[in-house]
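Undergrad: So the chains spell out like this:
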Amino acid sequence: MLADIITPDLFASALRMATPLALAAIGGTICERSGVVNIALEGIMLCGAFAGVAVTLAVGNAWVGVLAAIAAGVAIAAIHAFTSINLRSDQVVSGTAINILALGLTGFLMEILYGHPGTTEAVETIKPIFRFASERGGGGFLAEVWHWVNTILFSHTPIVYMAIIIAIAMQWAMYNTRWGLHLRALGEHPRAVDTVGVSVLRGRWVAVLISGALAGLAGANLTLEQVGSFTENMTNGRGFIALAANIFGRWTPVGSYGASLLFGFADALQIKLQIFRGEINIPPQFFLMLPYILTVIVLAGVVGRSVGPAAVGKPYEKG
Amino acid sequence: MSAAAEDRSTNRDWAAIAQKVGTPFASVLLAILIGSLIMWISGYDPIAAYSALFQGSFGTPKAFGDTLLKSTPLILAGLGLAYGFRANLFNIGAEGQLFMGGLAAGWLGLVLAGQPWYVALPLLLLAAMLAGAAWAFIPAILKARIGAHEVITTMMFTYIARYLVSYLVIGPLKSPGQIPQTGLLPVEAQLPRIQSLFSDATLQAMPFLKMGRAHMGILVALVAAVIVWWVLKYTTLGYENRAVGYNPWAAETGGISVQWTTVKALCISGSLAGLAGAVEVMGVHHRLFDQFSSGFGFTGIAVALLAKNHPIAVIPAALLFGALSAGAGTMQLMADVPQKIILIVQALVIFFVAAEGIVTYFIKQRQKEATSNVG
Chain B
1 MLADIITPDL FASALRMATP LALAAIGGTI CERSGVVNIA LEGIMLCGAF AGVAVTLAVG
61 NAWVGVLAAI AAGVAIAAIH AFTSINLRSD QVVSGTAINI LALGLTGFLM EILYGHPGTT
121 EAVETIKPIF RFASERGGGG FLAEVWHWVN TILFSHTPIV YMAIIIAIAM QWAMYNTRWG
181 LHLRALGEHP RAVDTVGVSV LRGRWVAVLI SGALAGLAGA NLTLEQVGSF TENMTNGRGF
241 IALAANIFGR WTPVGSYGAS LLFGFADALQ IKLQIFRGEI NIPPQFFLML PYILTVIVLA
301 GVVGRSVGPA AVGKPYEKG
Chain X
1001 MSAAAEDRST NRDWAAIAQK VGTPFASVLL AILIGSLIMW ISGYDPIAAY SALFQGSFGT
1061 PKAFGDTLLK STPLILAGLG LAYGFRANLF NIGAEGQLFM GGLAAGWLGL VLAGQPWYVA
1121 LPLLLLAAML AGAAWAFIPA ILKARIGAHE VITTMMFTYI ARYLVSYLVI GPLKSPGQIP
1181 QTGLLPVEAQ LPRIQSLFSD ATLQAMPFLK MGRAHMGILV ALVAAVIVWW VLKYTTLGYE
1241 NRAVGYNPWA AETGGISVQW TTVKALCISG SLAGLAGAVE VMGVHHRLFD QFSSGFGFTG
1301 IAVALLAKNH PIAVIPAALL FGALSAGAGT MQLMADVPQK IILIVQALVI FFVAAEGIVT
1361 YFIKQRQKEA TSNVG
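In order, the protein sequence lines correspond to chains B and X. Residue numbers for the first sequence follow my numbering, so the first one is 1 and each next one is one higher. Residue numbers for the second sequence follow my numbering, so the first one is 1001 and each next one is one higher.
Incorrect hints may appear among the rest.
[Said to hold, decoys possible] Derived Cβ-Cβ restraints for the label pairs, each shown as a range: (1) X:ILE1041 - B:GLU121: 22 to 30 Å; (2) B:PRO117 - X:LYS1062: 47 to 55 Å; (3) B:ILE6 - X:GLY1043: 52 to 60 Å; (4) X:SER1175 - B:ALA169: 51 to 59 Å.
[As the list claims (entries may be wrong)] With a straight-line Cα cutoff of 25 Å, these simulated DSS-like cross-link-like pairs (lysine-lysine) come out: (5) B:LYS318 - X:LYS1368; (6) X:LYS1264 - X:LYS1308; (7) B:LYS314 - X:LYS1308; (8) X:LYS1210 - X:LYS1062; (9) X:LYS1210 - X:LYS1233; (10) B:LYS318 - B:LYS127; (11) X:LYS1020 - B:LYS314.
It is worth saying that the hints were derived from the structure and are not from the lab. Keep in mind it's a predicted model, so treat the numbers as computed, not measured. Virtual Cβ for every residue (Gly too), placed ideally from N, Cα, C.
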């Protein structure tokens, strides 16, 4: 049975499941590094997921849908930026309001546009980029290795690869560019950034908007590449797991990606195990709990040793 | 004290109260206005919508009963959130503790079948409080010992609780039949309806008592509000809670254990949320199934914020959100507006209450304009 569970497509599925988490987690990293807590990732992702499907249904082109998802993410993030940076609201409370707003707005628009709650019509999903032939147990060791490599690395849709590129690019930018230096300083000592003549407000605005774009893209991946339709509240806590991944990844983009892989693997494993639940005889609900339990365990294990930006959550007042 | 000075001080008190009450009122008003704007843009008639909403929440004694029915768990969940906020803890996962409270009541009620009501009711409520507190305990310990953010951990525990309840009502606790739910609670374990306490003659004479499904859980909620208010204001427990919320370093220096206070605060918050789940099971559904809460734990966040974490102010705040939720159905039926607009209004209320800086922001903008005009 183990050979039926540990298959190449388990790891491929882990990579797929990790993608929306990773994109949101990197968004969370950038946002928190600039000093703004973003628990609105959940709601932003949901709005991106909805906008992606709605626009794809209207226009008929999924890539326009992806752009719409990013735009929706940026728009919702702008609300968070305005309330938490300009109005200096409590950032966690503002994020909560956005999460509730996202639930209400997507549900409301769904009933207006499609006349019913629940799930939208299906759209045609974005197809994998590469399509190399390979099969399991085809013959010889090399063929088997090729099958594993092909399934795990070359079976994916574009946003899965984009997430990897974004993780690496953001990591590089964060530690090798002026922007990255300022970003990190914003979260540690905003006054210092202000003193050298860089606007704290603008820097934080840019960071929050980037996190919105990434969470919106995460939503697009969920609906336009994975599921193919939108269901109310379909993000199901992924935004919060992404925050945990950001912490586990020690507030770095590549670390966030790595942590998301762990949660993605847990998700892939629980889906796989459900297929065998007749033999294992454990109710499906316990498998569904797995990613959430893992999140708590991971947080319990690392948080003490992983320290966030010093000025995170504190509004900045020019003085 | 001279009369003039006394006069001035009462004036100042009034100003302070007006300021405290003013923001929430303005927030609700603004949220409702923007809600109308959204309805109008979407092609609905906001006046028809709000009048249907009002009709469905206050129009008849039965409608008012529905408002009370929805407000009951909201008061308790709101109290839980407020108690946590006072210690600077955001129990965003109250919904999970609420589920566990509902589970405890739904299960123990069946176990205690045959007991008189004065044994069953207190035991069920107590069990629900313990279950809610237990569900908050691990996040509380993690917060106190290593600083794991309670927003993430309590949220994760909410999902775990939902799947647990879903499993139990499909599996071990399922009553015979097609529907995944537990057996009906014995009458002794149910919170009686308010109108069932009066004779037919009294109801004939006083028709406003015919409050439909409203149940005695409202009494539990009101008593809880007074107790939480008293605890926060007059006991050491409440003092420590507030001190830690206000300034943990000062509290620690003053000899208060911040860790221990954090654990207590989150567990008490959880026990109130658990109680919210119990009244919903014991008063409304009389059994447990996996959809028994319509997000009361999350709406509790809005209730606490609107009440500015004052336990007594939680009551009117919960009534407002209870009325919105009770009237939403009538609104959809009569004005054809999707019920989800209620969630949007709720989010807007939170935005405005949280954005206390909004007034100073616009004053500053005005000043900026003024100076730039002069320059």
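Undergrad: A separate judgement is required for each hint: does it hold in the structure or not?
TA: Going down the list of hints, with the structure as the test:
1. A C-beta distance of roughly 24 Å is found between ILE1041 of chain X and GLU121 of chain B, which places it inside the suggested range of 22 to 30 Å.
2. A C-beta distance of roughly 26 Å is found between PRO117 of chain B and LYS1062 of chain X, which places it outside the suggested range of 47 to 55 Å.
3. In this structure the hint that ILE6 of chain B and GLY1043 of chain X lie 52 to 60 Å apart at CB holds, the actual value being about 54 Å.
4. Separated by about 56 Å at the C-beta atoms, SER1175 of chain X and ALA169 of chain B satisfy the suggested range of 51 to 59 Å.
5. Annotation: proposed proximity of LYS318 of chain B to LYS1368 of chain X holds, straight-line Cα distance about 14 Å (limit 25 Å).
6. Proposed proximity of LYS1264 of chain X and LYS1308 of chain X is supported: the alpha carbons are some 21 Å apart, at most 25 Å.
7. Between LYS314 of chain B and LYS1308 of chain X, the direct Cα distance comes to roughly 20 Å. Compliance with the 25 Å bound is thereby established for this hinted pair.
8. Restraint check: the Cα-Cα separation between LYS1210 of chain X and LYS1062 of chain X comes to about 6 Å, which is no more than 25 Å; the hinted pair holds.
9. In summary, the hint linking LYS1210 of chain X to LYS1233 of chain X is not supported, as the alpha carbons are separated by about 36 Å, beyond the 25 Å threshold.
10. Proximity of LYS318 of chain B to LYS127 of chain B is assessed by CA-CA distance (about 49 Å); at most 25 Å being required, the pair is judged violated.
11. Of the supplied pair hints, the one linking LYS1020 of chain X and LYS314 of chain B holds, its CA atoms being roughly 24 Å apart against a limit of 25 Å.
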